[in-house]
Each structure stands twice: as C-alpha cells, then as structure tokens.
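For the record, the sequence lines run as chains A and B.
For the first sequence, position 91 matches number 125 in the numbering used here, and the numbering has no gaps at all.
For the second sequence, position 32 matches number 72 in the numbering used here, and the numbering has no gaps at all.
With the C-beta cut set under 10 Å, the calculated list includes, among others, these residues of chain B facing chain A: (1) Pro65; (2) Lys93; (3) Ser95; (4) Val173; (5) Asp177; (6) Arg182; (7) Thr183.
No wet-lab data here; the hints were simulated from the structure.
Each residue gets a CB set at the ideal place from its N, CA and C atoms; glycine is no exception.
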Amino acid sequence: VYALGLNWPPIRSDGFSYYIYLPAWLIHHDPSLETTALDCCAGTIPNWSTIFRWPATGRWVNPHPIGEALLIAPFFFAADGLTRWTNLSRDGFSLYYQHAAGLAAIAYFAAGLAFLRRILLRYFSPGVSLATLISVVWGTNLFHYATYDTIFSHSFAFFLLAAFLDIGIRWLEAPTYRQAIVVGLLAGLIILVRHTNGLMLLFLVLYPLAGKHARIRWDQVCVAGLVMTALLLPQLWLYRYATGEWVFSTYGPHGRFDFSSPKILPVLVSTQKGLLFWSPILLLALAGIPLLRRHVPGLFVPTVMVLAATLLIIASWSDWQLGGGYGHRGFTDLMPIFALSMAAFYEWARQKRRLLVPVSVFAGAGIALSTAQMIQYWMGIIPFSNTSWDLYRSVFLRFTR
Amino acid sequence: MRARWPRVALACLVVVGTLAYLRDPGWLIHLESGFYSWERNRAGQWFRWMGPKASFFVPSDAQAVTIPLHALFITDDRSPFTILISVNDRLATKVTLPDEYWKSARVPIAPQSVGARLGRTAPVKPPWWSRRVMRIDLRANRTWSERAISVQVGELQLTR
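Use the sequences and the hints to build the structure in full.
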C-alpha cells in the first residue's frame with residue numbers, strides 16, 4: 035500500500051493522536067505534548083488530529099488513549115535506533131518511524147489472527163476455521179484496517195480481543211497466576227486502546243455463567259484486577275494533569291452522546307457506513323449468534339450484550355459514521371467475536387447439505403464484493419464518508435475514476 | 041541442534057549486512073519530507089510550500105547549499121516567519137522573513153574529512169566511515185492555512 039503510494043504517511047489522522055505519545059515521551063521527554071507540538075507542528079497540533087487545548091488549563095488533551103502507543107513502543111525503539119544509525123531526523127515521524135508504526139499494526143493483526151485461529155480450532159473443524167478466517171479478513175473491513183489505515187486502533191484492538199478471549203478462557207478453565215497477570219495486562223490494554231472497548235471485559239466476566247468448565251479463583255481475579263488497575267493509572271494521571279478533572283469527555287468539542295435518538299438503522303444498513311451494507315457477510319455472523327449456545331455457551335450472553343451495547347453507543351454518538359473510513363470501523367475491533375458466531379453458522383450449514391451451496395455462494399460473493407469495494411476505496415472511487423445511494427450505484431464495481 | 045548454527049549465522053550475517061547498508065544508503069540523497077508539490081509563481085520561479093518542518097539531504101562534499109525562502113502574509117498574523125536551519129542536528133543559521141521579498145540562506149556544509157578538521161586547505165580524502173550525505177532540517181516558527189504551510193522554498197543551489 036505504501037510502496038505504491040496509495041496512502042502515505044501511515045501516521046496520520048486518528049493514528050497521529052494514538053501515536054504522538056511515543057515521540058512525546060521517548061524523544062522529547064515531555065508528556066504535556068508541548069515540545070512535540072513545537073517540533074512537529076510549529077507549536078499548534080492540527081485540528082484533524084482531534085487533540086485540543088483544555089479551556090481551563092490550556093494544556094493539550096488527547097482524546098485517544100495511550101494503549102496503542104504502548105503496543106507500538108517495541109517497534110518505535112527499533113525505528114529510533116535505525117534512525118540514529120542512518121542519520122535521519124530523530125523527530126518520531128521520519129521514514130523509519132512511519133514504517134515501524136505500519137509494521138506494528140500488521141504484526142499485531144497477524145498475531146491476532148494466530149490467536150483467533152487457535153480459539154476457532156478449539157471449537158470448530160479446521161475447514162470451518164479456515165473459511166471463517168478468510169471470511170472475516172476479506173469479507174469485512176479488517177484487512178483494510180490492517181494495511182491501508184494501518185495505525186488506526188482497530189488492528190491493535192482486534193489482536194487484544196482475540197488474545198483476551200483465547201488466554202482468558204483458558205485461564206478460566208485452568209487458572210494459573212501467570213495467566214491471571216497476562217489477562218490483567220490484556221484487559222488494561224483493551225481499555226487503554228479504546229475506552230469504550232472496556233465492554234469487552236464482559237466476555238470473561240459473564241463467561242462462567244454458562245461456560246462448561248469455568249471455575250473462578252478469586253485470588254487470581256484480584257491479581258488480574260490489580261495488574262489492570264496499575265496499567266490504567268498513567269492514563270488517569272495524564273487526564274488529571276491535562277484537565278485538572280477526574281471525570282470529563284475526552285472528545286471535548288469533537289462529539290457528544292445523545293441516547294434519546296440512536297441512529298440504529300443507519301449504523302446497520304445505510305449506504306453511508308452501514309455495517310451490514312458494506313460487510314454483508316456479517317449477516318452470517320449475526321445468524322450464528324444463537325448457535326454459539328451449542329459451541330461456546332459461555333460466550334452467548336456476553337456476545338448479545340456487548341454487540342447491543344456497542345451498537346447503542348455508536349448509534350448515539352454525534353458522528354455515528356466515526357469520521358472517515360471503509361465500512362463501519364466501530365465494529366472492527368469485535369471481529370474475533372463475529373468470527374466465532376460465523377464459524378458456528380458455517381458448522382451448522384456444513385451439516386445441512388442443501389444449505390452448503392447457497393451459503394458458500396453468498397459467502398464467496400460477500401468476500402469478493404467487500405474486497406472489490408475496498409480496492410475502490412483505496413483508489414479514491416468510494417469516498418471516505420457520506421456515500422449516497424446514487425453515488426454508490428454510479429461507481430458500483432467501477433475501477434476507473 | 042546441529043542444524044541450528046548455520047541459520048543463526050545466516051541471520052547474524054543478514055542483520056550485520058542490513059545495518060552496514062543502512063549506515064549510508066544511496067537513496068538518502070533522494071529522501072526529503074515536509075514539502076508540498078512543486079509550483080511556479082508568476083515570475084516563472086519554481087518553489088514548494090513547506091509545512092512546519094522539512095528535511096532533505098545534500099552531498100557531504102559540497103561547500104554550501106543556498107536555500108531561497110519566501111513568505112506570504114495573507115492572514116491577519118503579520119509577525120515575521122523565522123526559519124531555523126540545521127545541518128546534521130547542529131543549528132547552522134536562522135533566517136527571518138519580515139516581508140514578502142525572497143531571501144536566500146547560504147548554509148555552509150561542515151567538512152567531515154580529518155584534514156579539514158585539522159585546518160588543512162588541501163583536499164583530503166574523507167575517511168571510509170564518513171557519510172556521503174548531510175541532513176538539512178528546516179523548522180518554521182509558525183504555519184497558516186488549513187494545509188499548515190509556512191513559507192515557500194525555491195530551488196536549492198549547491199556550491200562544490
């Protein structure tokens with residue numbers, strides 16, 4: 035994507051504000067972001083980054099938390115060393131830093147797929163697991179957020195949820211202190227990558243209600259909770275330092291919730307960003323949710339609750355399209371859970387001979403359509419937001435501008 | 041176990057080779073950042089808008105590089121633009137642009153050879169570890185417009 039000049043630089047838009055902590059902490063040693071703002075942007079961080087000055091304190095507030103920067107940090111260190119070695123600008127945004135950030139997202143995406151494959155193979159046949167992985171990667175916008183819009187938070191959150199489910203369920207079924215610490219770390223990082231993803235913790239909290247072999251060791255739960263809390267403290271300190279307050283909206287002037295009239299239908303089926311309109315293959319995942327009770331019973335209730343709550347939160351946000359992007363990126367983080375329900379559906383369809391062909395055709399068409407539209411988006415044929423029906427029809431499967 | 045060491049040796053060789061290559065790669069001379077596309081003004085002069093900062097590389101055997109700079113004062117902010125120019129992270133010069141006239145900054149490129157450092161005037165072959173290029177960084181004190189541009193930068197002239 036970057037070598038062909040389809041999109042440069044990787045660190046941009048939301049990715050910029052997720053990433054900016056790294057140069058601020060590790061190069062400029064100034065968590066207030068002032069030095070980085072002077073260095074990168076002549077003192078004023080651009081509006082498009084959504085970073086803004088808190089009126090009461092005059093300090094920079096970053097709506098995007100520190101989790102993604104923590105995950106990118108190992109790659110950043112490597113890039114920093116190479117930058118000194120090659121004598122590039124040690125500013126956090128020169129060539130190697132850009133590629134390191136992009137590679138980090140791809141690496142976490144690949145690791146997320148490995149964890150997801152491991153979970154799928156525990157409950158489903160190898161064939162169904164493979165079909166599910168292909169469907170989720172290319173039938174939805176997951177591949178797009180692992181490559182084109184690479185350092186938006188989604189591939190990182192995808193990795194974290196896949197690892198959290200895999201390690202977390204193993205921990206619940208055979209608890210060890212080591213796993214408890216890892217689960218605590220993953221839980222903390224999930225919240226630190228995107229605060230609303232804290233809902234994902236429900237997957238493990240509610241799993242024992244119906245999980246067949248789950249047993250709770252409260253001492254280990256306390257350990258996991260302590261690790262998670264310790265990880266959250268620097269973020270709380272940053273917020274407190276920047277705003278002087280403990281409770282506030284991190285998005286400040288950039289948006290607000292209105293739960294009185296949620297845009298449920300537009301979020302699900304509109305041409306602008308409708309989840310099912312742009313990723314129709316997820317219909318199979320929705321159909322598979324009731325089937326989770328048969329394969330992974332512990333995840334059925336939390337899946338329904340988390341999906342419903344996520345839908346309500348996104349639909350109630352003033353910018354329910356979540357800015358620009360391919361498909362609805364508000365649900366990309368949840369792809370591991372969609373994958374499980376989709377696999378449940380595939381497993382069910384596999385046993386019904388007359389359904390096998392229509393389901394395969396639908397899935398194949400869904401993957402082909404989603405991939406084709408992703409390429410159209412990369413070519414600038416599909417706009418990054420507000421796609422109307424007329425525009426959609428006029429550019430449908432057209433690959434010239 | 042026996043088959044492991046060749047792989048480790050190969051990996052080490054690849055790492056060392058990559059690092060040796062990245063110490064002074066040939067493509068650095070073409071690498072630049074912080075500039076928009078080339079444009080031409082009414083006088084036919086080529087220029088590029090610069091963002092808040094820009095970087096490029098020049099051959100280290102050059103004596104100096106001359107950088108033409110030009111500010112426009114279209115917004116209410118009439119304060120002068122200040123451009124800090126550094127060579128390999130050392131501040132070389134500071135240029136103030138208080139008006140809309142072109143100003144050229146002549147930036148000496150510090151000689152790297154041992155002979156030059158000892159004050160000899162005769163050319164001395166640079167040691168094998170010296171780099172073939174030097175990095176020039178430009179930093180503006182402010183930007184304007186939605187594109188976050190600062191000043192116009194004309195065509196660079198190298199003095200050998």
